[in-house]
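A.B. asks: Construct the entire structure; sequences and hints are all you get.
Line by line, the protein sequences are chains A and B.
Heads up: the first sequence begins at 1211 in my numbering, then just goes up one per residue.
Heads up: the second sequence begins at 579 in my numbering, then just goes up one per residue.
Think of the hints as simulated: they come from the structure by calculation, not from any bench.
Note that beta-carbon positions come from the ideal geometry of N, C-alpha and C, so glycine has one too.
Any given hint might turn out to be false.
Said to hold, decoys possible - Between beta-carbon pairs, the in silico distance windows are:
id, chain 1, residue 1, chain 2, residue 2, range
1, A, 1460, B, 1271, 28 to 38 Å
2, B, 1270, A, 1419, 43 to 53 Å
3, A, 1407, B, 787, 50 to 60 Å
4, B, 1314, A, 1377, 57 to 67 Å
5, A, 1398, B, 1228, 45 to 55 Å
6, A, 1419, B, 1314, 43 to 53 Å
7, B, 791, A, 1531, 25 to 35 Å
8, A, 1460, B, 787, 22 to 32 Å
9, B, 1220, A, 1515, 44 to 54 Å
10, A, 1512, B, 1325, 50 to 60 Å
11, B, 1314, A, 1414, 46 to 56 Å
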Amino acid sequence: MSESPSTADAAAAAEPTVEAAGETARTVIDNVEQVIVGNHEAIEHLVCAMLGRGHVLLEDVPGVGKTMLARSIARSFECEFKRVQFTPDLLPTDITGVNVYNQQTGEFEFRSGPVFANVVLGDEINRAPPKTQSALLEAMEEEQVTVDGESYPVPSPFTVVATQNSVERDRTYDLPAAELDRFMVQLSLGYPDEADEADLLGRVVGDHPIEELDPVATTADLRAAREATGEVTVEAPLREYVTRLARYTREHAQLGVSPRGAIALLRGAQARAVLDGRDYAIPDDVQAEAEVVMAHRIRRSAGEGTGAELVAEALDAVAVE
Amino acid sequence: MSAPTADATGGTAADGDRRFGRVRASVDPVRLLALAGVAGLLGTFLSVLYRVSDVAGDVSTFLLVAVGTLVVATVVARLVPERVAFGLAALLLAAGAYVYLAQLPRSVAAEETLVLFLNDGIELLTGLSVLRIVNAGLWALAATPAPTFVAWYLALRRRYVGAVIVGGAMLTLFVLTSDAGGALALLGVVAAAGAIGFGDVERRGGDLATAETVAVVLAAMVTVALFISVVPTGGADPLDVGIGTDESTVESSLTNAGDSVEILGSIRLSPKARFTVTSTEASYWRVGSYDRYTGSGWIRTGADRPYDEQLRGPAGESRTVQQRYTVESELTVLPAAWKATAVSESPVGLFEQPGGGLGPDGELQPGDTYAVESERPVASAQDLRTAGTDYPDRIVDRYTGLPDSTPDRVGERTARITANADNPYDRARVIERWLENNREYSLEVDRPRGNIADAFLFEMERGYCTYYATTMVTMLRSQGVPARLAVGYTPGQQVEDDSWVVRGLDSHAWVEVYFPDQGWIRFDPTPAGPREAAERQRVQQARQSGGTGVDTDETRNRTFTATPSPTPTTPTADGSGPNAGTTPTATPTTPAGNGTDAGTVTSGALGPNGPDIASPGGGGSDEDGGIPQPTREQTVLGLVVLAGVAAGVHRSGAGSRLYREFRLRYQPRTDDPAVDVARAFDRLEFLAEKAGAPRRPGETAREFAARVGGDGPDERARRLATLHERARYGGGVAAEEATEAVELADGLVADRPRID
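C.D. replies: What follows is the structure in structure tokens.
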């Protein structure tokens, strides 16, 4: 399992094929599962989001391993990982970085903030005020950061994994819909079941396994996999199917899935196809990603049920060929 | 997908014109159907008016008026608001009424206009045919524009209910006047229902699929009307073509026919004694005449007048004939020798018919007697030859008209036959003789469709008096000679020197021709011998079967010998007249007078045995005529039923189910592998549908395939689903893979795996 990074690098970088990309993804998933117990689906969704160039929002109660998941993924890819703890007094420059005066050269020089990394973990993102949250937004959407009128590109690949607590909602700033829309998927991990939890406890006795986690792929592998994902065939009937799903949510909720959401769903489906080793996406791929991609973008009136329920309804109602 | 018809969702009346313009740009098929319904309804009453114009007017003028009105309505509907349009319609109506009144003959117009209108209206609504109106052609022209305009205008403005009310009112009028038959009325009702139904579908923004329901309902209307008849007689059957029922006799169809005579098919003779007449000489006992020929029958136009004690005699020389009639069984007519000048001792009131006949205002009972004094024209052949053609206008107007639809060949053949005759009298004689010699007498006739005279002249070989007389009148009129159909009784059985017993079977039809200064002269183109033989045979049959009322005291012990028809009132034996020899088509084989060999002519027609001379109701038509031709109405109604059945089949999905059932077992290959794979997968889906576990809308091919197979998923189904995915989403499949898919489907269909 602990394939040497150099060989993986060589194989993947040479040829951005679906086979290679799928191999990379599966290797990473297996690797992460050494640390994270009983959350296979969440791991798959997260990897899919990374292949589909998306960002991830993890919402759950504290202590279920949100941070651990983000860290293991980052470690498996052997990429730069940084973590920002969002607090009410956090300033935008604490994320992006600041220009400081260099007394030796007599010039201002940019000292980059934590956002300059391949994987950025924004912990408890809803604790910071919107101004600070929006500092992350530009990086997510534009893959660049602007400080004092100067733009600095973030490293590539660049993935934001943000978490927020679903408890203690006082003294928090809910993410606005516009910001939520920029997260490709929203996941929740949930408590592990009894057997998994016992297994988990057994593993953490002594050294935490994450300390021993070896990288199994390089950033080059990830870039190649992303390229291969983008090449996955999406035929017209599938595009129409995704469109119909999105339209269905718009017709049945206050706020439905935006075109950006539909694009995200197609990318997710492509990534799913890669996981399955296929070079074309099928409705099953769309259905697998539909809930995590669409549910958090839907706003329904009180008493109408959740976004996830509407997505399930759409999957039942919208005809697939 | 329904964007072009988005205007159907409505808008306020204010933007009506704009809406209208948009609809023009994109044609909504449902709207077309609704308009077709209104057009069909218009067609029913316009077809009646067309027929009226054909018989009594000018068809081309009528068509010009009708089409012109439709065009004007179409233009006006786009430009003019409703109030103005209704004003226009009222104007049209007033103009029509004015034109009609202005052209009325003096004698009629003298009456108060309002009274005239009211009388006409009441008479029309109580079953008086429009064709009985003297100026029916003009009436049709005057009545056409207003309702046509309003109905079509409203239909184009989407006011289908209004359009149907107007069109339906016109059709109802013609149903009441009995000008529109059952089939036509049914057609009109179906068209009206279609217009309203489709119009409603259109208003609700429905598409063709919704309109199918309406089509099914229309078909049901026709079918139900066919099989369920409220009145258990033939009259309630809207598709009954057979004119003539079991009770048809020559008498009931002619002398008792009232104002109109419908020419029938096969017919019987009634042996009942009707009346005894004591007269100074034998004559035809005439009961009436008919002036308007419709192509399929005769109509007496104009209104009856009360009898004022004294009638004018014929214009030329005449001889007085005194007659006394004793009624033997109920009579609704008043037989009298032509031309009656005075009737005395009548037990009931009398009226004078247009054309000079007399009728009783009630029923004459057995034992009633009345006396008639007649002036019988005695003009010689020479007088008639030299009478000239200086006909009065009223005679020409009334007695030379033929339906516009009469084929030209009638006139052409008549002209050929009468080529050697240079005056109306000789023409009449030649035609009379030609018909006597070239057509056989028979009571068993397949009534032809279309123009009777044309058929009798060109297609038929035999017929009875009505056919002979009708044809002769038509031939004469085609040459511009005024002529009319007269009906009544032949002299009957002579029981004493001056006494005759007349039976129902003596009823007859003949021809009267007008000669200036001489009046109406009788001609009889029916060969007398065969007719009398048929009558004699019928009397004998009736006597043998013990029928009552056949004989009076005088006739009981005598053998029946009909009085030979008195030679038509004019001397004919003179050799100077055009004789048969001059007629190129004359054949000498036809029996001439006394009917010794008449039996051979008629035996075939009368049948060797059986109480009825002819099988009634045209029963023979199926044997020799082959498949009967449907009428136009029947064809259209049949098409309505067909369309409804097609819509019903389509709607119920029976057609597509049958198709899929077939496609399940046999899949034709195409050049396109993707199509082949899709069809193969369809077969699997249909299998699931039949197994009661159809593929759900949101179910992907994979999920669906996983359900196929009893113990664990069926690998073939999974493979087929994969191929389907590849064909559909994966950029296509190769021909071998298509073959594989078809074979997989074949195997699955053969095995019928369990599908949960």
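A.B. asks: For every hint, state whether the structure bears it out.
C.D. replies: Against the structure, the hints come out as follows:
One distance hint, 28 to 38 Å for the beta-carbon pair residue 1460 of chain A and residue 1271 of chain B, holds here, with the actual separation near 32 Å. Take residue 1270 of chain B and residue 1419 of chain A: their Cβ atoms lie about 51 Å apart, and the range 43 to 53 Å holds. At roughly 58 Å, the beta carbons of residue 1407 of chain A and residue 787 of chain B sit within the given window of 50 to 60 Å. Separation of residue 1314 of chain B from residue 1377 of chain A is about 59 Å and conforms to the stated range, judged on CB atoms against 57 to 67 Å.
Distance hint for residue 1398 of chain A and residue 1228 of chain B: a CB-CB separation of about 50 Å, consistent with the stated range 45 to 55 Å. Judged by the Cβ atoms, the range 43 to 53 Å given for residue 1419 of chain A and residue 1314 of chain B holds: they are separated by roughly 50 Å. At roughly 29 Å, the beta carbons of residue 791 of chain B and residue 1531 of chain A sit within the given window of 25 to 35 Å. In this structure the hint that residue 1460 of chain A and residue 787 of chain B lie 22 to 32 Å apart at CB holds, the actual value being about 26 Å.
Separation of residue 1220 of chain B from residue 1515 of chain A is about 51 Å and conforms to the stated range, judged on CB atoms against 44 to 54 Å. Distance hint check for residue 1512 of chain A and residue 1325 of chain B: the Cβ-Cβ separation is about 54 Å, which falls inside the suggested range of 50 to 60 Å. Between residue 1314 of chain B and residue 1414 of chain A, the C-beta spacing of about 55 Å keeps the proposed range 46 to 56 Å intact.
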